[in-house]
Amino acid sequence: MKISGSGMVIEALQKEGVKVMYGYPGGAIMNVYDEIYKYKFKHILTRHEQAAIHAADGYARASGEVGVAIVTSGPGFTNAITGLATAYTDSVPMVVISGQVPITMIGTDAFQEIDAVGISRPCVKHNYLVKDVKDLPRILKEAFYIARSGRPGPVHVDIPKDVSAQIGMFEYPQEISLKTYKPHTKGSLKQIKKAIEAISRAKKPILYLGGGIINSGASDLVREFAKLTGIPAVETLMARGVLGDKNPLLLGMLGMHGNYASNMAMSEADLMIALGPRFDDRVTGRLDEFAKHAKIIHVDIDPSSIGKLVDIDYPIVGDLSNVVTQMLDLAKDKINPVDYEGWRALLKRYDEIHPLGYDNNSDKLKPQWVIQRVGEILGEKAVISTDVGQHQMWTAQFYPFSYPRQFITSGGLGTMGFGFPAAMGAAEAKPDKVSINITGDGSILMNIQELMTSVEHKIPVINIILNNNYLGMVRQWQTFFYDKRYAETDLSTQPDFVKLSESFGGIGYRVETKEEFDKALQDAIKQKKVAMIDVVVDRLENVLPMVPAGGTLYNMMLEYKDQS
Amino acid sequence: MNEIRKVISVIVINEDGVLSRISGLFAGRGYNIESLTVAPIPESEYSRFTIVTNGSPRVLEQITKQLHKLIPTYKVIETQDVVEKEMALVKIPLEGNLSGLDAILKGYNGIVANSTTDSLILMAVDDSNRISNFLKIIKKFKPTEIVRGGSVSMEK
Numbered sequence: 070m071k072i073s074g075s076g077m078v079i080e081a082l083q084k085e086g087v088k089v090m091y092g093y094p095g096g097a098i099m100n101v102y103d104e105i106y107k108y109k110f111k112h113i114l115t116r117h118e119q120a121a122i123h124a125a126d127g128y129a130r131a132s133g134e135v136g137v138a139i140v141t142s143g144p145g146f147t148n149a150i151t152g153l154a155t156a157y158t159d160s161v162p163m164v165v166i167s168g169q170v171p172i173t174m175i176g177t178d179a180f181q182e183i184d185a186v187g188i189s190r191p192c193v194k195h196n197y198l199v200k201d202v203k204d205l206p207r208i209l210k211e212a213f214y215i216a217r218s219g220r221p222g223p224v225h226v227d228i229p230k231d232v233s234a235q236i237g238m239f240e241y242p243q244e245i246s247l248k249t250y251k252p253h254t255k256g257s258l259k260q261i262k263k264a265i266e267a268i269s270r271a272k273k274p275i276l277y278l279g280g281g282i283i284n285s286g287a288s289d290l291v292r293e294f295a296k297l298t299g300i301p302a303v304e305t306l307m308a309r310g311v312l313g314d315k316n317p318l319l320l321g322m323l324g325m326h327g328n329y330a331s332n333m334a335m336s337e338a339d340l341m342i343a344l345g346p347r348f349d350d351r352v353t354g355r356l357d358e359f360a361k362h363a364k365i366i367h368v369d370i371d372p373s374s375i376g377k378l379v380d381i382d383y384p385i386v387g388d389l390s391n392v393v394t395q396m397l398d399l400a401k402d403k404i405n406p407v408d409y410e411g412w413r414a415l416l417k418r419y420d421e422i423h424p425l426g427y428d429n430n431s432d433k434l435k436p437q438w439v440i441q442r443v444g445e446i447l448g449e450k451a452v453i454s455t456d457v458g459q460h461q462m463w464t465a466q467f468y469p470f471s472y473p474r475q476f477i478t479s480g481g482l483g484t485m486g487f488g489f490p491a492a493m494g495a496a497e498a499k500p501d502k503v504s505i506n507i508t509g510d511g512s513i514l515m516n517i518q519e520l521m522t523s524v525e526h527k528i529p530v531i532n533i534i535l536n537n538n539y540l541g542m543v544r545q546w547q548t549f550f551y552d553k554r555y556a557e558t559d560l561s562t563q564p565d566f567v568k569l570s571e572s573f574g575g576i577g578y579r580v581e582t583k584e585e586f587d588k589a590l591q592d593a594i595k596q597k598k599v600a601m602i603d604v605v606v607d608r609l610e611n612v613l614p615m616v617p618a619g620g621t622l623y624n625m626m627l628e629y630k631d632q633s
Numbered sequence: 050m051n052e053i054r055k056v057i058s059v060i061v062i063n064e065d066g067v068l069s070r071i072s073g074l075f076a077g078r079g080y081n082i083e084s085l086t087v088a089p090i091p092e093s094e095y096s097r098f099t100i101v102t103n104g105s106p107r108v109l110e111q112i113t114k115q116l117h118k119l120i121p122t123y124k125v126i127e128t129q130d131v132v133e134k135e136m137a138l139v140k141i142p143l144e145g146n147l148s149g150l151d152a153i154l155k156g157y158n159g160i161v162a163n164s165t166t167d168s169l170i171l172m173a174v175d176d177s178n179r180i181s182n183f184l185k186i187i188k189k190f191k192p193t194e195i196v197r198g199g200s201v202s203m204e205k
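In order, the protein sequences belong to chains L and B.
With the numbering used here as the guide, the letters of the first sequence map in order to residues 70 to 633.
With the numbering used here as the guide, the letters of the second sequence map in order to residues 50 to 205.
I should point out that these hints are in silico values taken from the structure, not numbers from a laboratory.
A hint or two may mislead.
[Claimed, not checked] The calculated EDC-like cross-link candidates involving lysine to aspartate or glutamate, where the alpha carbons are at most 20 Å apart (straight line), are: (1) Lys210/L to Glu64/B; (2) Lys377/L to Asp175/B; (3) Lys296/L to Glu410/L; (4) Lys114/B to Asp382/L.
Let the hints inform the model, and build the full structure from the sequences given.
Structure below.
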């Protein structure tokens, strides 16, 4: 079939099973938009390119499918970069298509020209500048394959305007094999056997669960492995929901704002079984003190993730679904959960001594209560997105996540403004769930224009603003480490969020008490419209425990008493 | 940790932007490049990079893994059992006493590559550290310009 380059884009998207794309048109991408119009392809017009990428990202994280976004050249593309970097850091599969000035004009500083592949190179898994329409079907096929295979990530395809106009043969490859790209998916059996031997010898093993489990779809297998072996577990921010909140083996989240038992378990363990984490500095604290008594098994599909920061005793490169299946087989006769009874009892004791908590008797509304309350009211019926800051950490600590892909958050890059558009994508991916964005009064204003998108496309995202009139996390660091010099973190000058939402055609609530919050949330769920619940919370609440940056996990700040 | 010098060869698909993928990787992650040479491999779709770098063992392992992670990378060769050679060109003025030049050139596989009425261009091909020595010794002829080619290597 002979069609234009633009037609090829839409044909390829259909062949890849793409149901929706997010984007924003402009000069260099108009040819493709013309085909979107003719094909009636489902497209959601965000009001900023950054939001288009985050929405596709949220869709991908919630569904496990490849998210797709489309933008124009120049400023359209530079706006997309934060979104690409966010997805790359968190290993989210996406294909982002950008328009480019015609090939004949590349290099002439043409209108809206920028070296897009040059800019995106460090922010994506791979990228392409399409120079001939005959390469386009193959490139699109490769882009989807690379995005979803191995360690997933975003792939960027830059299409000059004359290429999208060119007519060419469209034959979409069925199969694909790249000579230079072959992810290792099967773990070495020899290594896995050694790892199981090490587990059977360990007295205090700990499962360190990372986001790779969710990417691999291995949560059920990991739950089974934990149950079979009786080994207690900690989750990273990206792994929340893997074991499920009610799992007795789950100690909680570890790291800078991890709970006491999780961080102590890591510090005292004699064997760490790391499944798909990446030893982020927000998890490890000071590296030479991190889990220093533990031998380490590390399973990851990305060889460069293994041994990057910490020496690994038992490296296993492979897809977690395959490796954990093999581990289960071998563990059956080798590992007895009774062996770890004392270890589990000790960790339980730690949790009893210093549980996660907050002062719920205060007359001020506590942000942690709000999150717990959303959990009580919606529980598994919600898919939860967040922005970045205190509210994000409280959500990770206090929401009862019960399944993978329930929690959508910018972990690695820490992108404020991510939550609202990501929640729009999650709403599209999971129409039977309530899409909640828990956010702060700082973050929400970074993509506030998406109220318009949500109103136009009837996307019922409920934004819960934990409003403390501060850029809260930075304010907390200023309190602890900068002698309360609150440089540029007081956000007392604010819009009326209720009127703001209403002016776009959404709904808004301002609440100051528990009763008002309950009423507002119930009403927003019922109305099925984009909503803002502006919750006035205790201004000076801190996220605790806290391991100061570069500190050791076992030296947690458990409480903060204001001396002044 | 001790810094170790390492020669890494990378075979990549010879396509647009591949040089910038590799140099960008080194720049972005703060790895050192002592020298980098690249040319297409004859009668193939590949190019060969020879990169001389240095770093701690952990960093060197990461460099290898990160290079391998690039999609167009076919092979990363990190064996140190290689023949490594480098070329240098040196321009010296044709004035004063040039005695001893012949012996030095002989010692470093060197020749006179070009001569004009007022200058000579010398060329030497040898191990990289010997090229460094050559450039030290040749200083006494007051070179006006020096070009080092960067290492190329081949496994034994």
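Tested hints:
| no. | hint | in the structure |
| --- | --- | --- |
| 1 | Lys210/L to Glu64/B | holds, 18 Å |
| 2 | Lys377/L to Asp175/B | violated, 35 Å |
| 3 | Lys296/L to Glu410/L | holds, 13 Å |
| 4 | Lys114/B to Asp382/L | holds, 18 Å |
Taken one by one, the earlier hints fail for this structure only at number 2.
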